[in-house]
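Number of protein chains: 2
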Amino acid sequence: MAHTPASHRDDALTVEARSDAQPGGWARLRRYLPILRWLPAYRREHLPGDFIAGMVLGVMAVPQSMAYALLANLPPQVGLYATLAPLLVYAVFGTSRTLSIGPVALVSLLTGTMIAQLAPPQSAQAMQLALLAALVVGVAQVALGAMRMGFVVNFLSHPVLSGFTSAAAVVIALSQVKNLFGIELPGSASPLADLGHVIARLPETNWVSLGMGVAAIVVIIFFHRRLGRALVHLGVSEFVAAQVARSGGLVVVLIGTLLTWLLRLDQTAQLRTVGHVPAGLPPFTMPVFDPSSLGAMAPVLVMLVVIGYVESVSIAKSFASRRREKIDADQELIALGMADVAASFTGGSPVSGSFSRSAVNFASGAATQLSSVFAAAVIAVALIFFTPMFYFLPETVLAASIVAAVLNLPDFETARQAWRYSKADLLTLVITLVGVLFVGVESGLLIGVASSLAVHLWVTSRPHVTIIGRVEDTETYKSVKRHKVKTCPHVTALRIDESLYFATAKVLEDTLIGVAVDNPALKYIVLDCSAVNRIDLSALTTLETVDNELRTMGVTLVLSAVKGPIHDSLLRAGFVARFGQDRIYLSTHEAMKALECT
Amino acid sequence: MAHTPASHRDDALTVEARSDAQPGGWARLRRYLPILRWLPAYRREHLPGDFIAGMVLGVMAVPQSMAYALLANLPPQVGLYATLAPLLVYAVFGTSRTLSIGPVALVSLLTGTMIAQLAPPQSAQAMQLALLAALVVGVAQVALGAMRMGFVVNFLSHPVLSGFTSAAAVVIALSQVKNLFGIELPGSASPLADLGHVIARLPETNWVSLGMGVAAIVVIIFFHRRLGRALVHLGVSEFVAAQVARSGGLVVVLIGTLLTWLLRLDQTAQLRTVGHVPAGLPPFTMPVFDPSSLGAMAPVLVMLVVIGYVESVSIAKSFASRRREKIDADQELIALGMADVAASFTGGSPVSGSFSRSAVNFASGAATQLSSVFAAAVIAVALIFFTPMFYFLPETVLAASIVAAVLNLPDFETARQAWRYSKADLLTLVITLVGVLFVGVESGLLIGVASSLAVHLWVTSRPHVTIIGRVEDTETYKSVKRHKVKTCPHVTALRIDESLYFATAKVLEDTLIGVAVDNPALKYIVLDCSAVNRIDLSALTTLETVDNELRTMGVTLVLSAVKGPIHDSLLRAGFVARFGQDRIYLSTHEAMKALECT
Chain A
1 MAHTPASHRD
11 DALTVEARSD
21 AQPGGWARLR
31 RYLPILRWLP
41 AYRREHLPGD
51 FIAGMVLGVM
61 AVPQSMAYAL
71 LANLPPQVGL
81 YATLAPLLVY
91 AVFGTSRTLS
101 IGPVALVSLL
111 TGTMIAQLAP
121 PQSAQAMQLA
131 LLAALVVGVA
141 QVALGAMRMG
151 FVVNFLSHPV
161 LSGFTSAAAV
171 VIALSQVKNL
181 FGIELPGSAS
191 PLADLGHVIA
201 RLPETNWVSL
211 GMGVAAIVVI
221 IFFHRRLGRA
231 LVHLGVSEFV
241 AAQVARSGGL
251 VVVLIGTLLT
261 WLLRLDQTAQ
271 LRTVGHVPAG
281 LPPFTMPVFD
291 PSSLGAMAPV
301 LVMLVVIGYV
311 ESVSIAKSFA
321 SRRREKIDAD
331 QELIALGMAD
341 VAASFTGGSP
351 VSGSFSRSAV
361 NFASGAATQL
371 SSVFAAAVIA
381 VALIFFTPMF
391 YFLPETVLAA
401 SIVAAVLNLP
411 DFETARQAWR
421 YSKADLLTLV
431 ITLVGVLFVG
441 VESGLLIGVA
451 SSLAVHLWVT
461 SRPHVTIIGR
471 VEDTETYKSV
481 KRHKVKTCPH
491 VTALRIDESL
501 YFATAKVLED
511 TLIGVAVDNP
521 ALKYIVLDCS
531 AVNRIDLSAL
541 TTLETVDNEL
551 RTMGVTLVLS
561 AVKGPIHDSL
571 LRAGFVARFG
581 QDRIYLSTHE
591 AMKALECT
Chain B
1 MAHTPASHRD
11 DALTVEARSD
21 AQPGGWARLR
31 RYLPILRWLP
41 AYRREHLPGD
51 FIAGMVLGVM
61 AVPQSMAYAL
71 LANLPPQVGL
81 YATLAPLLVY
91 AVFGTSRTLS
101 IGPVALVSLL
111 TGTMIAQLAP
121 PQSAQAMQLA
131 LLAALVVGVA
141 QVALGAMRMG
151 FVVNFLSHPV
161 LSGFTSAAAV
171 VIALSQVKNL
181 FGIELPGSAS
191 PLADLGHVIA
201 RLPETNWVSL
211 GMGVAAIVVI
221 IFFHRRLGRA
231 LVHLGVSEFV
241 AAQVARSGGL
251 VVVLIGTLLT
261 WLLRLDQTAQ
271 LRTVGHVPAG
281 LPPFTMPVFD
291 PSSLGAMAPV
301 LVMLVVIGYV
311 ESVSIAKSFA
321 SRRREKIDAD
331 QELIALGMAD
341 VAASFTGGSP
351 VSGSFSRSAV
361 NFASGAATQL
371 SSVFAAAVIA
381 VALIFFTPMF
391 YFLPETVLAA
401 SIVAAVLNLP
411 DFETARQAWR
421 YSKADLLTLV
431 ITLVGVLFVG
441 VESGLLIGVA
451 SSLAVHLWVT
461 SRPHVTIIGR
471 VEDTETYKSV
481 KRHKVKTCPH
491 VTALRIDESL
501 YFATAKVLED
511 TLIGVAVDNP
521 ALKYIVLDCS
531 AVNRIDLSAL
541 TTLETVDNEL
551 RTMGVTLVLS
561 AVKGPIHDSL
571 LRAGFVARFG
581 QDRIYLSTHE
591 AMKALECT
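Each protein sequence line maps, in turn, to chains A and B. Residue numbering for the first sequence follows this note's numbering, beginning at 1 and increasing consecutively. Residue numbering for the second sequence follows this note's numbering, beginning at 1 and increasing consecutively.
The shape of chain A in the complex, shown without the other chains (with noise of 0.2 Å):
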């Protein structure tokens, strides 16, 4: 029964005080600038492995960055200079040795949803646009991650992520449909108004442009799930037969260019091309502030901070764990908003990690965030000298590998779980699915959030409540409809599994009372807090109504198991004074030793 009066503070694991231990000096350097932790300590032997993966990371994120670009209403340049800056940048911030940041599906859809309401796609305000979503997006990274806010993403449950993700795959689908059939439409609205539009002039369809991009598809997915195996059955080895595996992407745009140039099919059948792509490294670029423009992107931005950081915290915490290494989620995000930042002043967009780059990455031997410099020179390279041969390449190989890399995003395998697991978190997955494809990307996901706490509010407001006995000869006790348990007519153990808040004031009150009105015989209820985790002041005060109410019922009322943070607050609050310390017992065991019912 004794209570010794602690803080909550020093009853609690230090697992924030460890991450908020601020070193200081050249630690705190180290700390903020991670590439000061890898560089000093570099091992040549990590040179091949680092230069290898750049180099093929690099050719890759060279077609992808573009085809993003496109996803997000801007020209296809802006896509590699989104890739350039920002890989370096992350190189020095990252905590990841192997996260490959730059323009990837979802963030680039949220960017080209905020630019076809504000702008036409691919223009010069479109790519003002971008600018300045990047700078803002990035400020609010850094400064998140300064402020160690990285937990606000613990509100994004699993099913709503899972939702969103499979949703968002189905709208870049949608959004890359016209580009496949080669139709040009008047603006871009919704994914979904846009597929109307583009049903109504199936005739129009440019078949060169529909055969080519399915092709390109079709190639895409043999090399991804079939070659790759067939070339290990054949003797290659794992490593080769995995970059060959990976390469479909490349290998569909440079046929694709190389048939657009020798049949000049841009003029012989109206083929749309990438174009004109300025030569050069990527310009210095200011973001301009436009109040009234930020307004209306607001929702966007507060969207693309999110989503992008976990998308991105999530990919390099999933490749950490497979080497055991550690990220650290704040500086995360401070690393990724410098990238957007970056990203901002040289021309570029919104950026995330990227999971086929990052794992491309991976596998080819990436030892350190070396691989991302010489992935960037690669891009360096492929803007000096490569941009007139972007010229033939054609918009719908571009479209084809975007549709090729969402369809590995829909995720079935969360349903599945949640139908098995908890009808809970199904809704919540099929709320924000149906709100992604129907309402809108941001809508949704807002819906999404919305939606899985209110479900938890609504979980926790109706807490499962059970009489509790004596377990054999042991001091523990258990539902008396699950157990085989001691029980006596003037005492009733009750535990009700939550906490007391003002949504639970009411079955708190309902059921003590209730107990009381359905036993004449009872003298005493012992209510067991082992599972009440907070009494906030709403339950505090019926509490107290409840317990004058059953004094005058002739019943006395008890608690047992009450934890210390709480017991603390309650004994500030004056409550155990007037409640009385003699009614409130260490364990449930100990109050119905005094009650006479063991």
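One or more hints might be untrue.
As the list makes no split between identical chains, a pair holds if one copy fits it or if it spans any two.
Stated by the list, open to error - Derived PhoX-like pairs: lysine-lysine, alpha-carbon spacing no greater than 20 Å straight-line:
| id | residue 1 | residue 2 |
| --- | --- | --- |
| 1 | K506 | K326 |
| 2 | K506 | K593 |
| 3 | K317 | K506 |
| 4 | K317 | K423 |
It is worth saying that the hints were derived from the structure and are not from the lab. Quantities reported herein were computed from a predicted structural model and do not represent experimental measurements.
Fit chain B to the supplied structure of chain A, relying on the hints for placement.
Frame of chain A; chain B shown alone:
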């Protein structure tokens, strides 16, 4: 270790089941028409009490309801109409024997806010809006009651209600300043803007109006706070003294009206009076549906549904508990809804339970709802015979009675308790208060509710985690920081004081990995789940990931005291099979015994 699979529902106390019981036929009719319970059993000895209480209640309700009509930007007779039929209807459907229904301060304030945005005050259009509001609110309440959705009000926490009530008192008092000063404003904007206009026009003050208003406030307060006690000291009976103490409002109405009539103050001093009030019983009115207004009214309507009900049912409960009577929360929704519907068809406005009038009814000896029927008769008599007397009733006197009434509303006690007990609760109280005062009555309440939910989620997302050990020779395990307990180096027992859901999944991961990293000698972690009331899919995924990570670190994770319903879900999802039933123990003591740490 034997977890008998049993459904969650089986195990639950039948709190919900009890109120879900559906009686058939006559019993069901008696359930929905409580008058069938009390009227056939009416005892003659109750008649004098009911009669006197009804007379007192009726006489008090006449000026009060006109004052609240003024607050609601409606003509005075609407207040009388909104009292008559609702009193009768509540007598049929209500489960409280003493609750008095009609126009009240908060509901009239909300109605007035809504009308101010959509129609000129006291206009025919304003009356139409009030009818429509009463109908929609009433139908919604009846529907919610029939669906047993009374529990939704559980989400209005005590601090939010307290902050709302205090702020609303200020808003109501401010709204009456112009009437006290006798200043005519162009149109009603926000209360603060109104106050600004009044200050700007202070030179136009009608000193007769101000003098009479202030005098009326002083008289009412004197009657209420001093006269009663003084009379008791002089030997007058408690009952009579209490009646006199509450008659201040009536006295100032009579004196004010008399003075105005005798001195023709309406002409000699331009004193604004109630003016012409149509004689006769309430008219039959048809609310007109107007979709465009309904859209603009929607937020206020939601609030009227909720606030009207919360106020009504709390008052009903507080008086019922003094006499050990029972209030059925769902039937109360139906009764209040029917009263609102009745108001909408008889020229009224939205209603709720009145604390002051219910208190008078209770104190004057009402034993059943028959007193409400007598009170309704008094109002009918007033409407038929006495409306010409209201012509000279000064508005400043009605304003004074509103101000005097709301002076009791501000709730400092809850703020003081919150300050001592829980800063989180204090925060939501202050947010609600500031929101209502500076953002608006409806938005402020919404902000308050949202903040209380956010605070709760925030608190639960940062759970208390502690290492536990065995207390002496008991089977109780408590925090190592707070109690003298036994521990061993190869086992760490941890208790996490929160459900495992998406917002706490990361804490779970960080804690378990952190403990393993910090203790190289560690072989086992026992996770005491006695405070875990829910494991959602996000947390389950994290648990499996962490278990794999711990395994590769040579640490075995063991669960103890998993609650029955959660164990069932884990079993269903296949987690128990994958994790191993032999790693799940009935209690922490059993786990520690098995791991040889006791």
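Tested hints:
no., hint, verdict
1, K506 to K326, "between (45 Å within a copy, 14 Å between copies)"
2, K506 to K593, "neither (29 Å within a copy, 39 Å between copies)"
3, K317 to K506, "between (42 Å within a copy, 12 Å between copies)"
4, K317 to K423, "neither (28 Å within a copy, 36 Å between copies)"
Checked against the numbered hints above, the structure breaks hints 2, 4 and satisfies the rest.
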